[in-house]
Amino acid sequence: MTHLTPDELIDAMEGLLSEARQSHLAACEQCRRELAGLSNALTEAKQVSVPEPSPLFWPNFSQRVRVAIDQDASTADNWPAWWRWQVLLPLGAVAMIILGLMISVPKQPRNDDASVSEALQTPEAPEALDRWVMLADLVGDIDLDTASAAGVTLMPGDAEQAVLELTAEEQQELTRLLRAELTRAKS
Amino acid sequence: MRPLTELDDSVLVSAAVAGNREAFDVLVERHRRTVYQVCYRFVNNHEDASDLAQDAFVRAWKGLKNFKGQSALSTWLYRIAVNVCLNRMSAKTPAIEAIESTDHFEDVRIEGAQHAMIREERAVAVRKAIASLPKKQRATLILRTYHDMSHQQIADVLGSSEGAVKANFFHALVNLKKILGSEP
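Protein chains in written order, with this note's numbering: chain A, 187 to 373; chain B, 295 to 478.
Keep in mind that the hints were calculated from the coordinates and are not lab data. Hints should not be assumed to be uniformly reliable.
Claimed, not checked - Simulated crosslink set (DSS-like; lysine-lysine; CA at most 25 angstroms straight-line):
#1 B:K472 with B:K422
#2 B:K471 with A:K232
#3 B:K429 with B:K472
#4 B:K430 with A:K232
#5 B:K471 with A:K372
#6 B:K422 with A:K232
#7 B:K471 with B:K429
#8 B:K472 with A:K232
#9 A:K232 with B:K429
#10 B:K422 with B:K356
#11 B:K430 with B:K471
#12 B:K430 with B:K472
As the list claims (entries may be wrong) - If you want the footprint, here are the derived chain A segments under chain B, 3+ residues with CB under 8 angstroms:
#13 204 to 215
#14 226 to 237
#15 242 to 252
Where is the CB? At the ideal position from N, CA and C, for every residue including glycine.
Chain A on its own, in the form it takes in the complex (with noise of 0.2 angstroms):
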């Protein structure tokens, strides 16, 4: 009979182990020697405790824990509105959407006027600006949460992209922004 695997090694050691497998067990040197070196093992990691802190560590903790959250929910808010997730998400959607359409509308010429008007009077353009508009729609209300339920995910590279096409003021304003956090982080 084959030995125990490790999933019936575990089940041994907390007395789930199937009766036809228990006779194995009482009948084979090797599986009892590896039992009894996992309990063992078990039994030594049990042995070690988590010392129990000061009596005035608890209520201070709690105390703590409310003024971290009165600090993040205030640096939260120093955040300008078009920093923040519930912005920079659908931005980035509508950024993929014309991605999206620019690689969908057929290619033409550069420096021809003319033929850039034939494109946008392709049969595929008006599908495209439905596709545009119907995409609008879904990610106008998405957050954070839902998207990353979605699998909506950054890749590596937006972050900067979203800096590049940030304006002048845009940017000094995250440059100031990331020195006081960096000022916080080290005080």
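Knowing the structure of chain A, use the given hints to seat chain B on it.
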């Protein structure tokens, strides 16, 4: 009206989501010890454990509106605490405290200095061994051994399958046995 401390977790969660900070304070008070203990098991020192536990509760406050009550609040808090600890573990090697609680000093009186020292050395060795386990194995061992969670509950916390939890538990014990076996 019943005092907040008499209300169950689900009622307190609803109140906290509605903006009642006192309701959240009661939840913190109710679960702070277990959250601290799970954090301590990961980092083995009080200072980091208290920082991590604090961080876990701040995240819980921020994410409370996403708690749907499909699992117990304690399981959800475990999940947050374990994630906070796993993230920290990626960034920092934990410092292990050599000497711990006042119980240690009581042991000294009862068992004699030499015996207590040997026990303490062994405890440090076990902590080091657990600290050297791969992240998932460590998390599984901690939750199963010290928090008495079922394999299914651990799977929920770690976002894996029950089979994977059992396999991680097995390998954690095998590695622990190996490491402790090679200790002098």
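Within 25 angstroms, alpha carbon to alpha carbon, are K472 (chain B) and K232 (chain A)? Satisfied, since the Cα-Cα distance of roughly 17 angstroms is no more than 25 angstroms.
Is K472 (chain B) close enough to K422 (chain B), meaning Cα to Cα at most 25 angstroms? holds (13 angstroms)
Hint check: K471 (chain B) vs K372 (chain A), CA-CA at most 25 angstroms. Holds or violated? Distance of about 41 angstroms is beyond 25 angstroms: violated.
8 angstroms C-beta criterion, at least three residues: is the region 242 to 252 of chain A covered by chain B: holds (count 7)
Hint check: K430 (chain B) vs K472 (chain B), CA-CA at most 25 angstroms. Holds or violated? The hint holds at about 18 angstroms.
Given the hint that K430 (chain B) pairs with K471 (chain B), does the C-alpha gap stay at or below 25 angstroms? holds (17 angstroms)
Given coverage of the region 204 to 215 of chain A by chain B, tested with a Cβ cutoff of 8 angstroms and a minimum of 3 residues: Violated, because only 0 residues of the region 204 to 215 of chain A bring their Cβ atoms closer than 8 angstroms to Cβ atoms of chain B.
Between K429 (chain B) and K472 (chain B), does the CA-CA distance stay at or below 25 angstroms? It holds: about 17 angstroms lies between the C-alpha atoms, which stays within 25 angstroms.
Outcome, coverage hint (the region 226 to 237 of chain A, chain B; C-beta under 8 angstroms; three residues): holds (count 11)
Between K471 (chain B) and K232 (chain A), does the CA-CA distance stay at or below 25 angstroms? Within the cut-off at roughly 13 angstroms; holds.
Next pair to validate is K430 (chain B) with K232 (chain A); report whether the Cα-Cα distance is within 25 angstroms. holds (18 angstroms)
Given the hinted pair K232 (chain A) and K429 (chain B), is their alpha-carbon gap at most 25 angstroms? Roughly 19 angstroms between the alpha carbons, so the hint for K232 (chain A) and K429 (chain B) holds.
Of the numbered hints given earlier, the model fails hints 5, 10, 13; all others are met.
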